[in-house]
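S.K.: Model the full assembly from the supplied sequences, consistent with the hints where possible.
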Amino acid sequence: MNEPNLSEIYRDYVDCLNRRDWASLGRFVSDDVVHNGRRIGLAGYRDMLEQNVCDIPDLRFVVERLVTQPPLVASRLAFDCTPRHRFLGLPVEGRRIVFAENVFYAFRDGKIAQVWSVIDKAAIEAQL
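Position 76 of the sequence shown, counting from 1, maps to 81 under this note's numbering, and the rest follow consecutively.
Think of the hints as simulated: they come from the structure by calculation, not from any bench.
Among the clues, some could well be false.
What the hints assert, rightly or not - Below 20 Å or equal to it, Euclidean Cα-Cα: the simulated SDA-like pairs (lysine to any residue) are:
| # | residue 1 | residue 2 |
| --- | --- | --- |
| 1 | Lys126 | Pro76 |
| 2 | Lys116 | Asn10 |
| 3 | Lys116 | Asp26 |
| 4 | Lys126 | Pro9 |
| 5 | Lys116 | Asn41 |
| 6 | Lys126 | Phe104 |
| 7 | Lys116 | Pro9 |
| 8 | Lys116 | Gly42 |
| 9 | Lys126 | Glu106 |
| 10 | Lys126 | Gly94 |
M.R.: What follows is the structure in structure tokens.
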């Protein structure tokens, strides 16, 4: 059996996020996905992403770095966006901010099963 191309799957996943194609999220994310140690499941993961887009309408995920070592993927995502209100407890209030998120993913059966995410909050604080 051929091993899935995690780079390709991951880039398709990011494209799904940027298109706001929430109905297709299950193609990439496991039903029992765990995010930062919390089992939130596919529905909770979708809710989290939908809330992110509600809070940051111009949110766009840009893959800046990508390393795969199956079953793991490491990605540095770049963001240049304008949160409407507070973001990560910071009073952004509609100002444009630029920051990165470092994310590790564990895949199982070709889908994201675990996510560990850290946002560079210090970069945001420096801009405010």
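S.K.: Compare the structure with the hints numbered earlier in the document and write down the numbers of the violated ones, lowest to highest.
M.R.: Numbers 1, 4, in rising order.
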